[in-house]
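**Q** Sequence:
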Amino acid sequence: MKRKLMFATLGLAALSTAFVSCKKDEEEKPEPAAPVTATSTIKGKIMVNTNLRNDTAGISKTATTYDTPAAGVGVTAQIDTREWVNNAVSGSGSNGYEYPKKTYTATTDGNGEFSLDVEVSEKGGTVEIYFSDYFAVQTTADSVDVNKVFSEPMKTITALPGVTKQYNFELN
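Residue numbers (this note's numbering): 560 to 731.
Calculated from the structure, these hints are not laboratory results.
Treat the hints with care, as some may be off.
[Said to hold, decoys possible] Mimicking DSSO-like on lysine-lysine, the simulated pairs with C-alpha atoms at most 30 Å apart in a straight line are:
hint	residue 1	residue 2
1	K682	K660
2	K682	K602
3	K602	K707
Here the structure is a predicted model, which means the values were calculated and not measured.
Please construct the entire structure, taking both the sequences and the accompanying hints into account.
**A** See below:
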C-alpha cells in the first residue's frame, strides 16, 4: 500500500511539473542600446544666378555669378539613425530592427541663409541635404527676362559632434 501511495505521489508530481513547465516566450525583435548622440550645427547660404548678363567668359569656360540670395527655400536634413548604433542589426528578416530616419527642416531667410542643429553619433555622421525648388525671373545674356525654376539634387555632407560647419550652395 505504501508502494502504491509512493508511485501515485511520484506520478502526480510528474504530471504537475508537466503542466507547470515554462513555455518559451515568443522571441521579440532585438532593440539596440540607446545611442550616444551630440549636436552638430549645419549653416548655409543658398544663392542663384538671376542675371546672366554679368557672367564673364574665361579662356576655356564660362564664369557664373551667383548674385541673388534664395530666400524662402526649404532645406531638409535627413540622418539614418542606424549610424548611431555600433553593430547595428540588419532591418531584413524576422529578427531585424527598423532604424528610423531623423528629419530636420529649416527655411532660408532674406539673405538666403539657414541653420540646422542635428543629432549625430559621437563619431559624427552622414547627413543628406535636400532643397525645395526656387522660382525667380532670370535675365538672359540677351537681356530677356524668363521665369526659371532653380533646383539642386541632394547633397551629402559629414557632420561632426560639437562642430559648426558653413556651406555655400548654388541652385541651378
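**Q** CA of K682 to CA of K660, is that 30 Å or under?
**A** holds (18 Å)
**Q** K682 and K602: Cα distance at most 30 Å?
**A** Distance ~20 Å between K682 and K602 Cα, so the pair holds.
**Q** Tell me if the straight-line CA distance from K602 to K707 falls inside 30 Å.
**A** holds (26 Å)
Hint check: no violations occur; every hint is consistent with the structure.
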